[in-house]
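Kindly produce the complete structure, drawing on both the sequences and the hints.
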Amino acid sequence: MPIKPENRARYPSDWKDIVEKVRERSGDKCEGSPRWPDCRAVNGAPHPDTGSKVVLTTAHLDHTPENCALENLHHWCQRCHLVYDAKHHAETAAATRKARANTRDMFSELVGTDGSAPE
1 MPIKPENRAR YPSDWKDIVE KVRERSGDKC EGSPRWPDCR AVNGAPHPDT GSKVVLTTAH
61 LDHTPENCAL ENLHHWCQRC HLVYDAKHHA ETAAATRKAR ANTRDMFSEL VGTDGSAPE
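When you number the sequence shown by our numbering, it's gap-free, plus one each residue, and the end is 119.
Since no wrong hints were added, every one of them can be taken at face value.
Now the in silico label distances, taken between C-beta atoms and shown as ranges:
no.: 1; residue 1: R97; residue 2: P37; range: 28 to 36 Å
no.: 2; residue 1: A9; residue 2: P37; range: 32 to 40 Å
no.: 3; residue 1: R40; residue 2: H60; range: 16 to 24 Å
no.: 4; residue 1: R23; residue 2: E66; range: 14 to 22 Å
Since the hints were derived computationally from the structure, they do not count as laboratory data. We treat Cβ as the ideally placed atom computed from N, Cα and C, and that holds for glycine.
Here is the structure:
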């Protein structure tokens, strides 16, 4: 997945070299995800299950671009990467929508800052 411009500074200057190490480890194949541990879709070939052209991406398991330890990175096809990130994407999308709408929590005035009901 492309790096968003606002996140580019969070990646190390040698990111391309790190990605190449992950690619070498994977043999340019998907390393499999928790849902599809045996996925070995080949970069540039049709995906064996979906038929779409495979574009492998390097994923941070902890969603933290600064953490580029090789054990935190996986080489994944679109299917494995998107399914792994689905919950994270939903959470960040909801937070973005809320911030854009400049809304506050529906019950904010009914609950104290510590979560207790007002007296």
